[in-house]
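Engineer: Based on these hints, arrange chain W on the given structure of chain S.
Number of protein chains: 2
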Amino acid sequence: MVLMLSNSDVDQLLTMKDTIAALDVLYGELGRAEAVTFPRQDLHVPLANEQDDLAAHYLKTMGGASPAFKVAALRFSSDVCTWPLFGNLRRRVKLPVQNGKWLGLILLFSSITGELLAIIQDGYLSRMRVGGTNGLAARHLARKDAARVGIFGSGWQAVTQLTALAEVRDIRHIKVFSPNRENREKFAKDMEALLKIPVQPVDSPNDAAEDVDIIVTATNSRQPFLPARLLSEGVHLSCLQRSEIEMEAYRRCDVLFINLNSPEHNYTSTLFSKREKELNMEVRDHPWTYDKFDWSVYPTLGQLVNGIVPGRIGDDQVTAFINNIGVAAQFAAVGAKVYELAKIKGLGQKLDSEMFLEDVHP
Amino acid sequence: MVLMLSNSDVDQLLTMKDTIAALDVLYGELGRAEAVTFPRQDLHVPLANEQDDLAAHYLKTMGGASPAFKVAALRFSSDVCTWPLFGNLRRRVKLPVQNGKWLGLILLFSSITGELLAIIQDGYLSRMRVGGTNGLAARHLARKDAARVGIFGSGWQAVTQLTALAEVRDIRHIKVFSPNRENREKFAKDMEALLKIPVQPVDSPNDAAEDVDIIVTATNSRQPFLPARLLSEGVHLSCLQRSEIEMEAYRRCDVLFINLNSPEHNYTSTLFSKREKELNMEVRDHPWTYDKFDWSVYPTLGQLVNGIVPGRIGDDQVTAFINNIGVAAQFAAVGAKVYELAKIKGLGQKLDSEMFLEDVHP
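Just so you know, the protein sequences line up as chains S and W, in that order.
Residues 1 to 362 (the numbering used here) are what the first sequence spells out, left to right.
Residues 1 to 362 (the numbering used here) are what the second sequence spells out, left to right.
The hints are simulated quantities; they were obtained by calculation from the structure and are not laboratory data.
The reader is advised that the hints may include incorrect statements.
Which copy is meant is left open, because identical chains are indistinguishable; a pair holds if it fits in one copy or across any two.
Subject to a maximum C-alpha distance of 25 angstroms in a straight line, what follows is the list of computed SDA-like cross-link-like pairs (lysine to any residue) [stated by the list, open to error]:
#, residue 1, residue 2
1, Lys343, Ser353
2, Lys345, Val318
3, Lys350, Asn99
4, Lys101, His361
These figures come from a predicted structure and were not determined experimentally.
Excised from the complex, chain S in its bound form (with noise of 0.2 angstroms):
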């Protein structure tokens, strides 16, 4: 029997207290070279279309095993991306596949027989192993007594990052910023209802900034917008992605870990037409790119949740966590977790199994 497990599955399964006890195991694993993940490999090529010459098929692919969770999991997404215009801006862009929908899944294999388990939909645990990460280096890295945290931007992935914080320390106090009024208002109004937590909107990155005692920046900024100066003493700062703080503030840390150092990408079987290749650079060629920054000389989450690599040591010092690169591992053991609660509670379409099987191999 083949589990299809969809988001809203998921989002009915899946606690983020869960979650980030399932990564702990995990970066476990990760630190002590016991669990393996891939990198992405991209397939990405022009389309010939004479509608959108900028249009392109990208099927994603990634992959990881957790011994300790006794699985192994593949996820892929297949987008036709384009360049829109948004005002002068072309921004990239993921077109639905069929009937204004997408299409991303998690496979979840057993690693005792090699069959396969289960068919995840990957939007919501997606957001939940991220939201996860970042909380489960606050829990090590964020000072005992912080109860208060600004954070920078008011989209999807930002809800986890919140819930995930208020898992990990007693959360009192959240100031939210984002460039649009209206979004920042509305996002603080449906956390607040969410996590019973006040939460503020407040006006600029400043505010947002000021007594606080974590950091967090969950926008899709592809460029540096958080300065040094705003990095107080004592404070953690938590990054969804590794283009969000400016280089000076990377040197403010006292302490920062990353989430992984292995090759992002297998650039060998990524075809760009001139012109998307001239956006991508517009949007890529900025100092953190994956490839020309020495992301070796940071210690990993794995090695922090080891004790390998030592957190925060003092009340005073700047603590920082990048969640620089997607790592597949945390599908299989995130989605290992899923798949339990979804027999428990019996939830999902049932596959026949016989189906997938076949009485050769090559």
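Structural biologist: Structure of chain W alone, referenced to chain S:
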């Protein structure tokens, strides 16, 4: 609608003629760097298993895209591998996943819309693409009047090696050698019935290689067995694996093409237990181990198909094609052909696309 295609569907739909035609288009693209393929990504983890301390889970993934066919393919297999004793020798085997069956699938995506078009069992298609690739090379390299074939090996892969040659040349006589008399006699009988060409089992390697125009090696030998002296003037040598022929025999060839020279594996995501590593080394530590050999000095089938590097220029030359590595883009091109035929013939099980789609994208 996602079409689920079994090995039996593929067997009914796909002819060798169509396979070679699809591969011809693909290798045209590969030679012009217009198609993409990524090296195999293996997730391999040893299992904590008291009954069998050599068992490991092995999730193999590879992908490729063919803009000419407007598809991308992701192929994966999930196996539990172990090393049972056969007499005094340990051999690596893939245990069945469930119900005595194995799990290997190809996911085929449209490059135009991004949608998942089909899920195809990989066994039959894989065998066809291997045979077809060697057949395509033979069409370009064997003498036009080549009519006599000597084949080493009588297994599953040997079948499509012969059907492919019969497609590209007017084959009149075939000799087969394999160490087990019963196997070679049965194979000869079966192939004679299938191809309507006389197939003669022979007792020695020398017999198989004598007075033939094409020599095929289709074994799973990890040690070279074909010496240079068996390559007579004008012969075309077609190898299923890089490990089958001696170094001297490589040197004897006037014209030698390989499948592709890209990295074979990603080793960063492979964990071997100590004992398993030793056993792997015994098997793999020969001169043809992919990463120890300089494949970049040989021209590729893509260059041959595009006429970038000339093939045979005289009837007395010894030519060779070594299928040195798997190419995932083959699954895209041949998969697209199978999909097209399945739609025409109404074969395959229809699955609702909706369950694979999500209304968010991470």
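Engineer: Classify it for me, Lys345 with Val318: is the Cα-Cα distance of at most 25 angstroms met within a copy, between copies, both or neither?
Structural biologist: This pair counts as neither: shortest intra-copy Cα distance 43 angstroms, inter-copy 66 angstroms.
Engineer: Using 25 angstroms as the alpha carbon limit, work out where Lys350 and Asn99 are close: within a copy, between copies, both or neither.
Structural biologist: both (23 angstroms within a copy, 18 angstroms between copies)
Engineer: Using 25 angstroms as the alpha-carbon threshold, which applies to Lys101 and His361: within, between, both, or neither?
Structural biologist: between (34 angstroms within a copy, 8 angstroms between copies)
Engineer: Between copies, within a copy, both or neither: which fits Lys343 and Ser353 at Cα up to 25 angstroms?
Structural biologist: Answer is both: 16 angstroms inside a copy and 24 angstroms across each meet the 25 angstroms cutoff.
Hint 2 from the list above is the single one not met by this structure.
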